[in-house]
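Visitor: Single-letter residue listing:
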Amino acid sequence: MPSSEGGRPRPAKTAERLRRMLIFVPYLVQHAGTKLSEVARLFDVNEDELTADLNLLFLSGLPPYGPGDLIDVDIEDGRVWIRMADYFARPVRLTRNEARDLYLRAVALAGAPGLAEAPALSGALRKLADALGPDALGPLAERVEAAGSSPAGTMLEAVRRAVADHRRVEIEYHAISSGEITVRRIDPEEVFLAIGNWYVAAWDDRSDQERLFRVDRIRRVTPTRGRFEPRGLAGAGRPLYTPTGEDVEVRLVLHPGARWVAEYYETTSEVDLPDGTLEIVLPAKRLEWVARLMLRLAGEARIVGPEVLKDRVRELVSRTLERYLLTSPDEPSDA
Amino acid sequence: MQPVERLINLVALLLNTPRPLTFEDIRERMPEAYAQEDVNSAKRMFERDKDLLRDHGIPLKVEPTDAWEAEDGYIILPDEYYLPEITFTPEEISALFVAAHTPAEDSAAEEGVRKLLYGADGGILTGLVGGPLATGPDVSGSRLSGVADAIAGQERIRFEYRTARGVVSERHVDPYGLVWRGGHWYVVGTDIDQSEIRSFRLSRFSSDAVAAGEAGRPPEGFRATEHVQAGPWGLGPPATVARVAFSPEVAWWAMSGVPDAEVVRTREDGWVETSFPTTSEEALASWILGLGQDAEVLDPQSLRDELVAQLEDVVAEL
Numbered sequence: 001m002p003s004s005e006g007g008r009p010r011p012a013k014t015a016e017r018l019r020r021m022l023i024f025v026p027y028l029v030q031h032a033g034t035k036l037s038e039v040a041r042l043f044d045v046n047e048d049e050l051t052a053d054l055n056l057l058f059l060s061g062l063p064p065y066g067p068g069d070l071i072d073v074d075i076e077d078g079r080v081w082i083r084m085a086d087y088f089a090r091p092v093r094l095t096r097n098e099a100r101d102l103y104l105r106a107v108a109l110a111g112a113p114g115l116a117e118a119p120a121l122s123g124a125l126r127k128l129a130d131a132l133g134p135d136a137l138g139p140l141a142e143r144v145e146a147a148g149s150s151p152a153g154t155m156l157e158a159v160r161r162a163v164a165d166h167r168r169v170e171i172e173y174h175a176i177s178s179g180e181i182t183v184r185r186i187d188p189e190e191v192f193l194a195i196g197n198w199y200v201a202a203w204d205d206r207s208d209q210e211r212l213f214r215v216d217r218i219r220r221v222t223p224t225r226g227r228f229e230p231r232g233l234a235g236a237g238r239p240l241y242t243p244t245g246e247d248v249e250v251r252l253v254l255h256p257g258a259r260w261v262a263e264y265y266e267t268t269s270e271v272d273l274p275d276g277t278l279e280i281v282l283p284a285k286r287l288e289w290v291a292r293l294m295l296r297l298a299g300e301a302r303i304v305g306p307e308v309l310k311d312r313v314r315e316l317v318s319r320t321l322e323r324y325l326l327t328s329p330d331e332p333s334d335a
Numbered sequence: 001m002q003p004v005e006r007l008i009n010l011v012a013l014l015l016n017t018p019r020p021l022t023f024e025d026i027r028e029r030m031p032e033a034y035a036q037e038d039v040n041s042a043k044r045m046f047e048r049d050k051d052l053l054r055d056h057g058i059p060l061k062v063e064p065t066d067a068w069e070a071e072d073g074y075i076i077l078p079d080e081y082y083l084p085e086i087t088f089t090p091e092e093i094s095a096l097f098v099a100a101h102t103p104a105e106d107s108a109a110e111e112g113v114r115k116l117l118y119g120a121d122g123g124i125l126t127g128l129v130g131g132p133l134a135t136g137p138d139v140s141g142s143r144l145s146g147v148a149d150a151i152a153g154q155e156r157i158r159f160e161y162r163t164a165r166g167v168v169s170e171r172h173v174d175p176y177g178l179v180w181r182g183g184h185w186y187v188v189g190t191d192i193d194q195s196e197i198r199s200f201r202l203s204r205f206s207s208d209a210v211a212a213g214e215a216g217r218p219p220e221g222f223r224a225t226e227h228v229q230a231g232p233w234g235l236g237p238p239a240t241v242a243r244v245a246f247s248p249e250v251a252w253w254a255m256s257g258v259p260d261a262e263v264v265r266t267r268e269d270g271w272v273e274t275s276f277p278t279t280s281e282e283a284l285a286s287w288i289l290g291l292g293q294d295a296e297v298l299d300p301q302s303l304r305d306e307l308v309a310q311l312e313d314v315v316a317e318l
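Quick mapping for you: the protein sequence lines, in order, are chains A and B.
Letter by letter, the first sequence follows residues 1 to 335 of our numbering.
Letter by letter, the second sequence follows residues 1 to 318 of our numbering.
All the given hints hold, so there is nothing to weed out.
Keeping only pairs whose Cα atoms sit at most 25 Å apart, straight-line, the calculated DSS-like set for lysine-lysine is:
hint: 1; chain 1: B; residue 1: K43; chain 2: A; residue 2: K13
hint: 2; chain 1: A; residue 1: K310; chain 2: A; residue 2: K285
hint: 3; chain 1: B; residue 1: K61; chain 2: B; residue 2: K43
hint: 4; chain 1: B; residue 1: K50; chain 2: A; residue 2: K13
hint: 5; chain 1: B; residue 1: K61; chain 2: B; residue 2: K50
Calculated directly from the structure, the hints in this document are not laboratory data.
Make the full structure from the sequences, and use the hints.
Guide: In structure tokens form, the structure reads like this:
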């Protein structure tokens with residue numbers, strides 16, 4: 001083995017390699033004959049790096065480094081065997097940061113709506129808390145939890161399967177913006193969680209562009225025969241609203257009780273006014289959803305413009321009031 | 001000899017030694033590793049290796065080599081090094097794998113779950129039926145880690161906070177717990193200036209949380225979830241059972257989103273009458289109003305009256 005001491009060692013890379021090896025070696029000691037490709041995927045390392053790591057491991061072991069002291073590595077037909085490394089049969093403990101972050105993420109996902117893995121995650125969390133205990137988690141196991149019930153029964157699992165298979169699907173979608181139900185074909189690429197809802201980033205055949213769909217608004221998913229080549233679409237951490245050329249600028253003044261609107265929706269401008277209100281500009285392609293939002297805010301927000309939005313709100317209020325003023329609750333209109 | 005090889009050998013040696021080894025012992029057993037003629041430069045290399053191992057969570061200890069404590073040696077105690085045995089079902093380990101996954105970068109959570117894989121049955125990837133999921137910055141991040149560490153270390157924190165109503169002020173809080181609700185993390189603890197337990201949404205922090213001394217303990221029987229405000233179907237005993245009719249367009253969606261909703265009947269025009277418990281009439285009113293003419297409260301009458309009053313307000317304000 002040529003010495004690398006001539007060049008300056010790169011500590012970051014060395015540390016990363018060491019950490020990786022102390023994690024995947026135990027896996028291989030326990031799982032003899034695992035495919036290189038599977039190890040590469042599980043431990044997020046490319047196969048060339050993995051082979052280099054294994055070649056290095058082959059030279060390692062215990063003093064006096066005779067043939068019987070060295071770790072035995074066999075690579076055959078793309079599979080790996082590691083022997084003579086019983087002391088690496090179990091990995092090093094999780095660091096506090098690893099235990100903390102894993103625990104927090106698992107609690108959050110277990111509390112996300114309608115996830116099929118939620119029961120398994122709850123089981124895993126209990127085992128983590130028991131096994132890692134006060135050392136790694138401190139009091140966190142008792143102090144971190146999800147609240148509120150998470151309704152199930154959405155199309156989440158069907159959409160995730162389509163993402164994994166690169167399967168084009170037909171969906172029946174209830175658009176929040178217009179209140180319309182449409183049937184469209186989409187190529188779903190990434191399912192992600194944002195402000196408590198699942199979304200899917202997909203190519204939308206109907207509009208011939210990338211769109212984000214809220215998964216709980218998908219009423220039906222039907223797989224088609226078609227598969228697609230992923231375009232690298234992703235949604236996590238991105239604004240949930242992409243401006244379009246046809247957007248109307250909706251200008252609202254929010255009283256304190258309606259300020260959450262500025263946190264929840266994408267705005268293009270937010271100005272604090274001296275009286276404690278907040279003036280915002282919401283870009284909106286359709287006004288239907290903004291009119292509904294105004295009802296929801298019930299007096300906590302004032303429309304500055306456009307004028308046509310006020311007309312929409314008046315129409316919506318009068319149609320909604322009809323239900324209450326013209327019928328008594330137990331004599332429905334169809335009776 | 002490559003640095004990684006030297007480090008692997010060092011871990012193996014110190015993990016297998018029955019007694020602490022001095023630097024001279026180590027140099028003698030690993031002659032190729034610390035081969036420098038100058039002892040001091042060999043020692044410096046060893047010191048760097050030792051620091052690197054510790055930085056990466058390897059519990060390398062310094063202990064006296066004998067009862068007289070004349071000399072210190074190095075050892076990795078197996079009990080401190082090895083991950084305790086945890087057996088997960090294939091479903092559990094797949095679920096953790098999915099939860100830890102972050103699309104953009106490698107995270108500590110992902111590194112942690114990889115360590116747990118060693119005990120799992122093979123074929124973990126084939127067990128991933130659901131496909132990958134991604135999460136945004138609201139699930140994790142340095143602000144969350146900082147608050148979690150403060151809870152674990154029983155430290156008071158100080159931070160700038162903007163309330164939902166837009167009021168900004170500096171808060172001093174003894175943090176007791178974290179609650180995940182509706183897509184947000186909340187820290188629950190005693191607000192020192194108000195002398196009462198409050199919840200603070202992490203996404204409303206306008207600064208990092210800074211350590212501000214030792215924190216008090218949570219009161220007996222403390223449950224963090226009891227202090228986080230909930231929506232129409234949050235925690236606590238339901239105040240009311242509401243009867244609501246939904247139009248055919250929104251009924252399926254409303255039913256899938258409302259916990260414990262029951263269908264009372266479906267009318268000839270396709271409207272679906274449902275009944276469900278709610279913990280807050282105010283939050284329910286706001287949710288129903290947002291559905292416009294697609295929803296109608298049938299019962300209780302007080303809620304009907306409230307909705308009518310609010311609708312009239314909306315028009316009056318235009």
